[in-house]
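Listed here are the chains, written in short residue letters.
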Amino acid sequence: MEQYKFKSKKLPYLLSIPQFIIVTIFILYPTYKSLELSLFTTSIFGGNKVFVGLQNFNDLFSSPDYLKTVVVSLIFAGGVTIIGLALSLLISVLINNALKGLTIYRTAFIWPYALSPAVAGAIWMFIMHPSYGILTSILPFELNWILNGNHALILIISAATWRMLGYNIAFYLAGLQSVPVSLREAAALDGASGFQKFFRITFPLLTPTTFFLLTMNLVYSFFRTFGLIHTVTKGGPSGMTEIMVYKTYKDGFINLVPGLSAAQSVILLAIVIGIISFQFKYLERKVHYA
Amino acid sequence: MKKYLVLFLLLVFIGSFTVVGQAQDVEIDFWYALSGNIQEVTLSMVEDFNESHPDIQVNPVHRGSYSEVLTSSIAAYRTGNAPHIVQVYEVGTQTLLDSNAIKPVYELFEENNVEINWDNFIGPLKAYYSVEGNLSSLPFNSSTPFLYYNKDAFEEAGLDPEQPPTTFKEVEEYGKQLVESGVVENGLTVGWPSWVLAENMFTWHGQPITNNKNGYTDHASELKINSEFGVELFKQFKEWEEENIFTYEGREGTPNPSFLTGQTGMIITSTAYLGGFKEGADFEIGSGFIPHKEGYPQGNSLIGGATLWVYDGHSDEEYQAITEFLDYIASADQQVRWHKETGYLPVTQDAVDQLDEEGWFEENPNHSTAFNQLNVETDTGEFAGLRLGDFVAIREIVLSEIESIFSGDKTVENALDDAVEKSNQRLQRYIEANVE
Amino acid sequence: MHKTKFQSFLNHLLLIVLVIIVIFPVYYAFVISSISFKEVFSMPPKLLPGTNLMANYSHAWNSVNLGRLLINSLIFALFTTFGKIFLSILTSFAIVYFDFRFKNFIFFITLLTLMMPVPVRIMSTYEVVSSFGWINSYQGLIFPMIASATGTFLLRQIFMSVPRELAEATIVDGGGPLTFLFKVLIPIAKTNIAALFVILFIWAWNQYLWPLIITTNPNMNVVQLGIEAVIPKGGTALPKWNQIMPVVIFTMIPPLGVILYLQRSFVQGLIEPEK
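Chains as they are written, first to last, in my numbering: chain V, 28 to 317; chain W, 87 to 522; chain G, 196 to 470.
Isolated chain V, as found in the complex (with noise of 0.2 Å):
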C-alpha cells in the first residue's frame, strides 16, 4: 500500500535538507576521511603519511588474531541475539498472560535498559569475579572467565543480553498487545493447544517486530558493545573476547595505528550495507507488506 503523496517540488528537499547537512559534515565526510587512511601508514601525529596500497588490509587477512575476531564475533552477535530474541519473547508472552501485575512486571524487566552498556558491564563483572563474586561463590562448577575464554565469552554474552533485554521486551509486548484477542479465542475454540495457538497465530504476527528486533540486535551487538567489552575483559584472555569493533576501536584508538584501524572500518562498513540489505529485502518486502 502507497502512502499519499503530497505533491511539491521543493519542500521535500527543505524537509530532509537539514538532516542531511548534518549528516554530510559529520558523518559522512569524517567517515570517508577515516576510511581513506586505509590505504596509508601514517604516524598518529600526522607528520608521516605513506601510501601503502593494500598492505594494510594484507596484514589483516594473513593474522590469525583477525580471523579469530571475525569467528568471535559471529558467536557474540549470534549469542546476543539468538538468546535475547528468545528469552524476551518467553518472557513477554509471560507478562501478556498475566492478568493481573502486568504493569509491575514490564517495569521490572524494563530496568536494566536504563544503564549504559559498559556499567552493564562492570557489574556483572564484579557479580561473576573468580575471586569474590557472588554468582562464582554459588555455582557448583567453576565459573573463571579470567582465564578461560570461553566462560569470558558467557560473561559478556550475559552482560550485553541482558541490558538488551528490557528493549526487546517492549517491542515484543508492544506487538503482542496488537494481536487481537478474538484471534486467539477463535484459535481456542478449534481446539489448539495453547503452544499451537502461539505458533500458529502469535509468532506470525510478530514476525515484522521479530525481524526488525533482529537488526537492532544485530547492530547493538556488532557495533555498539565496545564500551562493555572495554569495562570486562578487554579482549582477553587471549583475544576470546575481542569482537572486530572493539579490535577497530583499540587499534585506532588506544594502539594509536590509524591505518590497520581505518581498513578494519572499511570492513565493519560492508557489513553494515550488508544488515541494511537484508533489512530492506525481507523486513521491508516480505514482512511488513504480507
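No wet-lab data here; the hints were simulated from the structure. Everything numeric in this text was worked out from a predicted model, so none of it was measured. Think of the CB as a built atom: it goes at the ideal place given N, C-alpha and C, for glycine as much as any other residue. One or more hints might be untrue.
Said to hold, decoys possible - In silico lysine-lysine, DSSO-like type, Cα no more than 27 Å apart, as pairs:
| no. | chain 1 | residue 1 | chain 2 | residue 2 |
| --- | --- | --- | --- | --- |
| 1 | G | 233 | V | 36 |
| 2 | W | 299 | W | 379 |
| 3 | W | 426 | G | 241 |
| 4 | G | 378 | V | 34 |
| 5 | W | 212 | W | 189 |
To be verified - To be clear about the criterion: a stretch of chain W counts as covered by chain G if any three or more of its residues have a C-beta under 8 Å from a C-beta of chain G, and this derived list gives those stretches:
| no. | region |
| --- | --- |
| 6 | 118–129 |
| 7 | 140–150 |
| 8 | 308–316 |
Got chain V; can you put chains W and G on it based on the hints?
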C-alpha cells in the same frame, strides 16, 4: 507547563554559550588520567599550587583513562588545541619522542632560568625517560613491581613471616608449603603480567627484551623474549601453575582481590598498590624483592607509571608558568606528600632523604623495599628501560600470548615465537610510518 | 480466557523467578553501595544492605561533582534527543509523503553512515568540529550527534502505516502538507514519538567517548565520565566498589525516570499509531 520547560531549556542553552573565565591569570591546562583517591591527592596538590601562585591558574582536567588522555591530546594537538601539560603512561614514551610535538622538560627549565638539580632525580627514573642524559618529561607517578606476601598466611603455614622468598627455588618451596598446609589455594600470582613477566623479569636477570639495548640506542626492531631465558622462565611459571604454586589471575590490577581475600599468598605487582593493600587487607603485609632465578646475573627492575609531557607551540609566558608548576611538583615537600598519600615512588633523592629523616621508612619498612630494589647492585650494567614503537599494541600482543600459555592453548615455545613474530611486524610498521 | 488457576500460578511463578534473576544485578549493585570497603571483598558475599549507605553516597556525590555532571548530561541528552526527533520527523515525513529524486539516496545514506560505530569516525569528526572552533561548546557537543538512523527508520515505518485518508482529508479541508504534518500527523504519532524519545534519550545519556573527546572543560563533563573517574585503572588502586556503585545508581536514576514516566507510551508507541 510545557512552554516553561521549553523556555527553561532555551535559557540553559543560551546561557551555556557564555564562557566563564578569569582574565589576567595565565591559564595552564593539565590533562591527567588518575582516578579515585589518587585523583583527589592530585587535585589538592594543584589547588595548593594555584593558591600559592595567584597569577597562575592550573586547570586539572580528568580525561578518562591513560589511553584516552593520550589520544585526545593528540587529536587536540593536531587541530591546534593542545593542552599545556599531559600525563602520559610509560608505554607512550616512544610515540611522544618521535612526535616532534613536545618540548623536553630539561629545555623548558633551561629557557626559563629555573634552577633544578637533575642529578637529584632517582637514577633509574631519570634513565628511563632521558634522551642522551636529559629528561624529556617530568617523572610524576612512578612505580616498580615487587613481591608482596601475606605474613599471617606464612606464619600459619609454618614459614618465617619475616623471610620472603628471594630465589625461584624458595618461591617453589614456600609456595608448596603454603598450598599443602591448606592456608591458601595458590602460592603466587602476578599483576600486570606483561610488565612483570615479559619486561621486568628479563631486565631483573640482565636479559635484553629487544635489540638496540631495549630501544635506547636506536629504534627497537626485534623482540627477543623467545630467548633461552624466556622459554625457561615461562616453562617454570607454567610448571608452577600446574601445582598451584602459581596462578594466573588476569590483567592489570585484576589479580589484586585474589591476594587481598587470602586466596593467594604472594603477589608480584606494582608498588603503587601498597596503600590500597594496607587499607583493604585484614592480614599483615610483607614485601621483598622480585625473586631471582638461579644461574642468571643480577639486573635491575623497570619503572612503570606515567610522566608529565609539555606540548610545544605555547607562549613564553605560559612556559614560564608551566616550569614553575613542574618545579613545584618535583619539590621535596610535594613528593613526600605524594609518596605518603598514594604509594607512588618519590622522584627525587631529596624527598627520599626527607622521608628517611622523618623516620617514615622505619615505620613503614614496605615502602623502602622498592628503593632498595631499585638501588640493587647489578652484575651486568643496567637496562635503562624499554622503549618500543607501538608499545601499547605490543604489550597487548605479548599479554595475549602469555594468556594462551596459561590457558594451555599453546606451548611456551609457540606462544613466545608468535609473540615475537607479531610484535616484530608492528615494530617494522612503526618504523616505516615514523622514522623512515 | 480458558486458563486454570494452576496455569496462572505457574505463569506468575516463572515470571517472579525471572524478575528476580533480571533485577538481581541491580539490587546487588545497591547492596554494594551500602557496605564498607572491607565487606566488599569479604567471603561469603553480603546479600543485604549494610550501614554505610549515607557515607558512600555523600562521598560519591562530592568526589566527582556529581550534581554538575548530572545537569550537563541532562542538557546534552535532552537537546540531542529533541534534535534527533525533530530531524527524523522532517526527514521521514519527506520520504514517506513526497516523491523526489534523491529520496532513496537520502534514506540509505542516513541509515548507512549512522550505523558506522562512533569510534571509527570520531577523530575525523573531531577535526571537523575543531575547524568550526566548536571545541568545548554545547553546539560542538550536540550538533554532530543529532542525526538519527533509528529515529528516521522507526518514524518512516509509523508514517507509512497512517491511513492515507487522513492526508486526503487535510487536502480537502484546504490544508497543505505542513498543516497536515503539524496538525494531524504529529498529534497522531504522539505516542510513537514518546517511545522514540525513550530510546534516543537513553542512547544519548549513555554516550561517553564523544563528550569525553570534545569537551575539555571539567564544567562540561557528562556523568558517564564521572563513572569512569571513580573506577580505578592502571597502576592506581583497588576498585572501591562501595563508592563506585553509588555513582552508578545516581547515573541510573534519570533514564529510569524517563522509562517509568513514559512507560505506557514506550510500549504502545512502538507499534502503529492509534487510529
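Hints and how they fare:
no. : hint          : result
1   : G:233 x V:36  : violated (70 Å)
2   : W:299 x W:379 : holds (22 Å)
3   : W:426 x G:241 : violated (32 Å)
4   : G:378 x V:34  : holds (18 Å)
5   : W:212 x W:189 : holds (17 Å)
6   : 118–129       : holds (count 8)
7   : 140–150       : holds (count 6)
8   : 308–316       : violated (count 0)
Checked against the numbered hints given earlier, this structure breaks hints 1, 3 and 8; the rest are met.
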